[in-house]
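Chemist: Just so you know, the sequences run in chain order A and B. Quick note: the first sequence uses UniProt numbering, first residue 1, plus one each step. Quick note: the second sequence uses UniProt numbering, first residue 1, plus one each step.
Calculated directly from the structure, the hints in this document are not laboratory data. Be careful, since some hints might not be right.
If chains are identical, the list can't say which one is meant, so a pair holds when it fits in one copy or spans any two.
Keeping only pairs whose Cα atoms sit at most 27 Å apart, straight-line, the calculated DSS-like set for lysine-lysine is [as the list claims (entries may be wrong)]:
#1 K112 / K44
#2 K33 / K62
#3 K121 / K101
#4 K204 / K44
#5 K204 / K240
#6 K44 / K62
#7 K44 / K70
#8 K163 / K121
#9 K101 / K250
Computed from a predicted model, the values in this text were never measured in an experiment.
2 protein chains.
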Amino acid sequence: MCELLAMSANVPTDICFSFTGLMQRGGNTGPHKDGWGITFYEGKGCRSFKDPQPSAESKIAKLVTEYPIKSESVICHIRQANSGAVCLENTHPFVRQMWGKNWTYAHNGQLKDFKAHLPVKAHVPVGSTDSEHAFCWLLDRLHYQFGEHQPSAQDLFQYIARKADEINQLGVFNLILSDGDYLFAYCSNNLHWITRKAPFGEAKLIDAEVEVDFQQETTDNDIVTVIATQPLTNNEDWHKMTAKSWHLFKQGMSVLAG
Amino acid sequence: MCELLAMSANVPTDICFSFTGLMQRGGNTGPHKDGWGITFYEGKGCRSFKDPQPSAESKIAKLVTEYPIKSESVICHIRQANSGAVCLENTHPFVRQMWGKNWTYAHNGQLKDFKAHLPVKAHVPVGSTDSEHAFCWLLDRLHYQFGEHQPSAQDLFQYIARKADEINQLGVFNLILSDGDYLFAYCSNNLHWITRKAPFGEAKLIDAEVEVDFQQETTDNDIVTVIATQPLTNNEDWHKMTAKSWHLFKQGMSVLAG
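Could you put together the complete structure from these sequences and hints?
Modeler: This is the structure we're talking about:
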């Protein structure tokens, strides 16, 4: 299995605190040692840092921890391989373009017989994971359903939620998907989220000896939602998502759910 | 204008030496201060490091200089903006997927009236540069010409060379393109290359006080080609490409040219 981490915020915010906790689970406090990746959106652009090495030992992960890239949308993944070898082309997140946007995707779980059940045509996987294959199938479905123009967010993400239900029938499909504006989370069996806003308090990581006082780092208008496979802090109340439920976040707020 | 750097090698090779020279031109020995990016292939996978900050001052560029990522195909670009704002979505290289491969593209030059002359449909730009627009047009042409299956390298790159000729009529179009196996270079007006193989010698950077003795870093079987807008060393003989000529490299060797 793997662990997911994502953020949606109404002001460019760094994810150093949460990432510091998560990266420890990549070979230190957790077994997810088969690579990691993180994608930051800055406007319409995005950049990814990826490494097939364990995050707990990665020089690139260390840079990401220490270099506060401010972003309104972030997706991160640490991998414990179950489908596909440990190599760069199998390292999440996967980024592809559609409708003039960068779409970033990360998956936690396992899918059975995915090649037979999720045929792909226009979008062909580069690597050998069930995860990237399901992403390509989803993009194919969006392409054939909506054609050349992106539909309204409501139509789009309700359709994506139905397709996530279909994929989920093949196994476990916890999904994070973003186009930079919206952050979509689908829970198969394991996904938590928390929205931090004023009045901000202190937070303490589970996986590292790090505390932060968000009051010192924010303004009263900031709204930041963090989504993670397992809660990253032990003194805050995280929402546990129920099976087959989904949330759509924009600028840190839940704007649609099902 | 901008500067391009690329490498094709028959064994995974790091590009730290050449990158050390080039990054100095991003705000120090050269005026290309409007961002930079580099894409490394490792097998079918690739990873990019990008920064809209000047490379000479970038912490991420420093990491890339010091962290020897071994790759058989690398594309790098430092930008001096002329079309499109300085921001992440306008930062080269651009990476998109086709035929189950990652295609990486970087452009040096300027194109006039590119939206009118290069209509796009299936591949839509994310940013506002002439460069990414031309990349999308090229992918559209490949899609409609060859359909779902990648043709032979000879058919493919001869077709790409003809399309590069068309794009070049709109201005200046020095192009580097790779799918990880092949590295294609099209010269509009300014592109140089050098192939290093046994017996290896010493090389001295123009832009930094750095020398390397490749004899110490290689085996007799290694073949490494480096392509750059301007030569990066001052004690080696670089080939200057002529206008409208192109070279296709694989595993460090020129395998096709026109």
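Chemist: Hint by hint, say whether it matches the structure.
Modeler: Evaluated hints:
1. Proximity of K112 and K44 under a CA criterion of 27 Å is satisfied inter-copy only: 24 Å between copies versus 34 Å inside one chain copy.
2. In this homomeric assembly, K33 and K62 come within 27 Å of each other (Cα to Cα) both inside a single copy, at 15 Å, and across copies, at 25 Å.
3. Both within a single protomer and between protomers do K121 and K101 lie at most 27 Å apart by alpha-carbon distance, with minima of 20 Å and 14 Å respectively.
4. In this assembly of identical chains, K204 and K44 lie within 27 Å of each other by CA distance neither inside one copy nor across copies; the values are 32 Å within and 40 Å between.
5. In this assembly of identical chains, K204 and K240 lie within 27 Å of each other by CA distance solely inside one copy; the values are 19 Å within and 59 Å between copies.
6. Proximity of K44 to K62 under the C-alpha cut-off of 27 Å is found in both arrangements, the shortest distances being 25 Å within a copy and 25 Å between copies.
7. In this assembly of identical chains, K44 and K70 lie within 27 Å of each other by CA distance solely inside one copy; the values are 14 Å within and 30 Å between copies.
8. Within a single copy, K163 and K121 get their C-alpha atoms as close as 16 Å, and across copies as close as 25 Å, so both meet the 27 Å cut-off.
9. Taking CA atoms no more than 27 Å apart as the test, K101 paired with K250 passes inside one copy only; the shortest distance there is 16 Å, against 32 Å between copies.
Violation of the numbered hints given earlier is confined to hint 4; every other hint is satisfied by the structure.
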